[in-house]
Amino acid sequence: MNALALQFAWMYALSQLKLKYRYTFLGVFWNLIEPALFLAVLSIVFSIINKMDIADYAVFLFAALVPWRYFEKVVNACMESIVGGDWLLKKLPVSPFSLPVSRWMQATIEFSFSLAVVFAFYALFKPTWTSHLLVLPFAILAWSVASLGAGLIAAVLFTFFRDVKPLVQLVLMLLFFSSPILFRPDIFAEHTLQATLLQWHPLTYFAALFQKPIYFSAWPSLTDWCITTAIGVGAVAGGYVLVQSTKKHFYFYL
Amino acid sequence: MQNVAFKLDNVSVCFRRNAVLLRSLKQGLSQMVHRRAEEEFRALSNISLEIRDGEHVGLIGRNGAGKSTLLRVLTRVIEPQTGSVYTNGFKHVVPLLELGIGFHPDLSGRENCFLAGHLMGYSRSEIEQKIPDIIRFSELGDFFDQAVKTYSSGMYARLAFALATDVMPEVLLVDEVFGVGDEFFIRKCVVRMQRLMSAGTTTVLVSHNIDFLVRQCTRLIWLDDGKLVMDGEPHDVALEYRQQNGKAA
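Protein sequence lines correspond, in order, to chains X and V.
Position 19 of the first sequence, counted from 1, bears residue number 18 in this note's numbering, the numbering being contiguous throughout.
For this note's numbering, count along the second sequence from 1 and bump the result up by 46.
Here chain X stands alone, though its shape is the one from the complex (with noise of 0.2 Å):
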């Protein structure tokens, strides 16, 4: 990919984030309030379930899950971006690279303003901000990376096998119910099933880079970095790959 391409993603981002506001009421503001009402049903619904105060509850599950939604989004977005390219593709000599980057530079964007929610709902119900905090920009690079590397796997698998789609939404739906993101990875205990499940889950560290500092008031750790760097850097060199191996059949397809 190019400087060309990649300025045109850029370019294409932010027009389409114009397009995608310009028509409502609320504009952007509706990425704050959006999650903000998510997260408030979600804390009341499961904190009634997990027996825990809402407060506390609420802080542990947005640490979590607002860089979920972000994954989740990119995914999804960048799922239909060459196949919703054609437009382009068909017409123009363009990198294929530029328009699944563009999606996610999208969402990356709209990420930034949710942030904003995590952190109203922070101070609003913990007091306390620690240094640990200060991790959080390598913990949204962890995600921003491995998003960006599903993101090019699950838009080249869309343009060849068009059923895909529902195949990866259940993934994803099960990567999310089954990760510690919703529930505490401690109410198992040591040596159980559901406790080993969740050391091979790779969502596990992922969700450890904002709860740890964000919730725990602690370092993420060395594991945590490892395995999520090497996951993210993986799946962008898989996702670069399939696409420069493939993009030549791409016309067919669209």
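The hints are simulated quantities; they were obtained by calculation from the structure and are not laboratory data.
Some clues are possibly wrong.
[Unchecked claim] Not everything, but these chain X residues come out facing chain V in the computed CB check (under 7 Å):
no., residue
1, F7
2, K90
3, V93
4, F160
5, D162
6, V163
[Unchecked claim] Derived contacts from chain X toward chain V, CB cut-off under 7 Å, selection only:
no., residue
7, L18
8, L87
9, K247
[Stated by the list, open to error] Calculated cross-link-like contacts (lysine-lysine; reagent style DSS-like; alpha-carbon spacing at most 25 Å):
no., chain 1, residue 1, chain 2, residue 2
10, V, K72, X, K247
11, X, K125, X, K211
12, X, K72, X, K19
13, X, K247, V, K53
14, X, K164, X, K89
15, X, K246, X, K72
16, V, K176, X, K17
17, X, K72, X, K17
18, X, K89, X, K246
19, V, K195, X, K17
20, V, K176, V, K234
21, X, K246, V, K137
22, V, K137, X, K247
23, X, K247, X, K89
24, X, K247, X, K164
25, X, K247, V, K273
26, X, K211, X, K50
27, V, K53, X, K246
28, X, K19, X, K89
29, V, K72, X, K164
30, X, K50, X, K125
31, V, K234, V, K195
32, V, K72, X, K246
33, X, K211, X, K72
34, V, K53, V, K273
35, V, K137, V, K53
36, X, K89, V, K53
37, V, K273, X, K89
38, V, K273, V, K293
39, X, K89, V, K137
40, V, K195, X, K89
Here a beta-carbon is modelled for each residue, glycine too, at the ideal position from N, C-alpha and C.
Since chain X is already given, all that's left is putting chain V on it; use the hints.
For chain V alone, kept in the frame of chain X given last:
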């Protein structure tokens, strides 16, 4: 490769006949398991040609002869399965395919000019300078700031042609742009095309209007069934094409 705009060597392009069916995981897996042979349609078959700087080439042929596919290969929109394609990367190549130039239907004419202009290698300020001329030539008026999905096919083609030719391309590839648009606009287009051609722009035109191509081009290429039938002087190629009703002997 001095003075060469394009060079194609044994280029072939195949389409799968059942590509639409194969767009599902179910069909893809079934194909893998049963190892069925894929039915293919050859849109271009072993095409070798060279287009030099400043040449004005017309592509003729019946429907489905491979003219548009060849234009897409030249623009690098389609990568051929076999053969090699050389395009002079230092030239500003502007393709005008299927009456369009890569316009997003939900974006306005202005926004699309900036996006497409950027892909053609022009900065925002360069396009901004050209906007008044583009509006004047396309005669879109207030529609210029409306979403292009609200345009008629004629308006769409006018905007695409105005943008493609206003940026003064070094190489212009045009696929049947005169198919829509009223008589007066077509006349304007022809005048502008002639101006570009005399200024040295290399042009490759696809059209069913043979008389127009004979008048404007310095060379005519006749394609049939994806094969190159004849390549030469416009009058000679047009005469042979008409005598054989467009079908290769």
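Hint check:
1. Given the 7 Å rule on beta carbons, the hint for F7 of chain X holds: about 6 Å separates it from the nearest Cβ of chain V.
2. This hint holds: K90 of chain X has a C-beta 4 Å from the nearest C-beta of chain V, less than the 7 Å allowed.
3. A least Cβ separation of about 6 Å between V93 of chain X and chain V falls short of the 7 Å threshold, and the interface hint therefore holds.
4. For the restraint placing F160 of chain X at the interface with chain V, the shortest Cβ-Cβ distance is roughly 4 Å, inside the 7 Å limit, so the hint holds.
5. A least Cβ separation of about 5 Å between D162 of chain X and chain V falls short of the 7 Å threshold, and the interface hint therefore holds.
6. The beta carbon of V163 of chain X is positioned within 7 Å of a beta carbon in chain V (closest approach about 6 Å), and the interface hint is therefore held.
7. A distance limit of 7 Å between C-beta atoms decides the matter here; for L18 of chain X the minimum to chain V is near 6 Å, and the interface restraint holds.
8. Because the closest C-beta pair between L87 of chain X and chain V is about 4 Å apart, less than 7 Å, the hint holds.
9. With its C-beta approaching chain V no nearer than about 4 Å, K247 of chain X sits inside the 7 Å limit, and its interface hint holds.
10. Among the hinted pairs, K72 of chain V with K247 of chain X is consistent with the structure: their alpha-carbon atoms are about 22 Å apart, no more than 25 Å.
11. With a C-alpha separation of about 14 Å, the suggested pairing of K125 of chain X with K211 of chain X holds against the 25 Å cut-off.
12. For the given pair, K72 of chain X sits about 15 Å from K19 of chain X by alpha-carbon distance, which is consistent with the 25 Å threshold.
13. Of the pairs offered as hints, the one joining K247 of chain X and K53 of chain V holds, with about 19 Å between alpha carbons and a cut-off of 25 Å not exceeded.
14. This hinted pair checks out: K164 of chain X and K89 of chain X have alpha carbons roughly 23 Å apart, not beyond 25 Å.
15. Under the criterion of a C-alpha separation no larger than 25 Å, the hint pairing K246 of chain X with K72 of chain X is consistent with the structure, at around 23 Å.
16. Of the supplied pair hints, the one linking K176 of chain V and K17 of chain X holds, its CA atoms being roughly 23 Å apart against a limit of 25 Å.
17. The straight-line distance between the Cα atoms of K72 of chain X and K17 of chain X is roughly 18 Å, inside the 25 Å bound, and the hint therefore holds.
18. Of the supplied pair hints, the one linking K89 of chain X and K246 of chain X holds, its CA atoms being roughly 13 Å apart against a limit of 25 Å.
19. Between K195 of chain V and K17 of chain X the CA atoms are separated by roughly 17 Å; this keeps the pair inside 25 Å, and the hint holds.
20. A threshold of 25 Å between alpha carbons decides the hint, and for K176 of chain V with K234 of chain V the separation of about 17 Å falls inside it, so the pair holds.
21. Restraint check: the Cα-Cα separation between K246 of chain X and K137 of chain V comes to about 24 Å, which is no more than 25 Å; the hinted pair holds.
22. Pair hint K137 of chain V plus K247 of chain X holds up; C-alpha atoms about 23 Å apart against a cutoff of 25 Å.
23. A hinted pair counts as satisfied when its Cα atoms are at most 25 Å apart, and K247 of chain X with K89 of chain X qualifies at roughly 12 Å.
24. A C-alpha spacing of about 22 Å is found between K247 of chain X and K164 of chain X, which places the hinted pair at or below 25 Å, so the restraint holds.
25. About 22 Å separates the Cα atoms of K247 of chain X and K273 of chain V, which keeps this hinted pair within 25 Å; it holds.
26. Of the supplied pair hints, the one linking K211 of chain X and K50 of chain X holds, its CA atoms being roughly 21 Å apart against a limit of 25 Å.
27. Distance restraint check for K53 of chain V and K246 of chain X: the Cα-Cα separation of roughly 22 Å lies within the 25 Å cut-off, and the hinted pair is therefore satisfied.
28. About 24 Å separates the Cα atoms of K19 of chain X and K89 of chain X, which keeps this hinted pair within 25 Å; it holds.
29. About 13 Å separates the Cα atoms of K72 of chain V and K164 of chain X, which keeps this hinted pair within 25 Å; it holds.
30. With a C-alpha separation of about 18 Å, the suggested pair K50 of chain X and K125 of chain X falls inside the 25 Å cut-off, and the hint holds.
31. Distance hint between K234 of chain V and K195 of chain V is fulfilled; the C-alpha atoms sit about 24 Å from each other, no more than 25 Å.
32. Only pairs whose Cα atoms come within 25 Å are accepted, and K72 of chain V paired with K246 of chain X is accepted, the gap being roughly 22 Å.
33. Between K211 of chain X and K72 of chain X, the direct Cα distance comes to roughly 23 Å. Compliance with the 25 Å bound is thereby established for this hinted pair.
34. For the suggested pair K53 of chain V and K273 of chain V, the alpha carbons sit about 16 Å apart, so the restraint of at most 25 Å is met.
35. At roughly 14 Å between alpha-carbon atoms, K137 of chain V and K53 of chain V fall within 25 Å of each other, so this suggested pair holds.
36. About 21 Å separates the Cα atoms of K89 of chain X and K53 of chain V, which keeps this hinted pair within 25 Å; it holds.
37. Straight-line distance between C-alpha atoms of K273 of chain V and K89 of chain X comes to about 22 Å, which keeps the hinted pair within the 25 Å bound.
38. About 11 Å separates the Cα atoms of K273 of chain V and K293 of chain V, which keeps this hinted pair within 25 Å; it holds.
39. Between K89 of chain X and K137 of chain V the CA atoms are separated by roughly 20 Å; this keeps the pair inside 25 Å, and the hint holds.
40. A threshold of 25 Å between alpha carbons decides the hint, and for K195 of chain V with K89 of chain X the separation of about 17 Å falls inside it, so the pair holds.
This entry satisfies every hint, going by the numbered hints stated previously.
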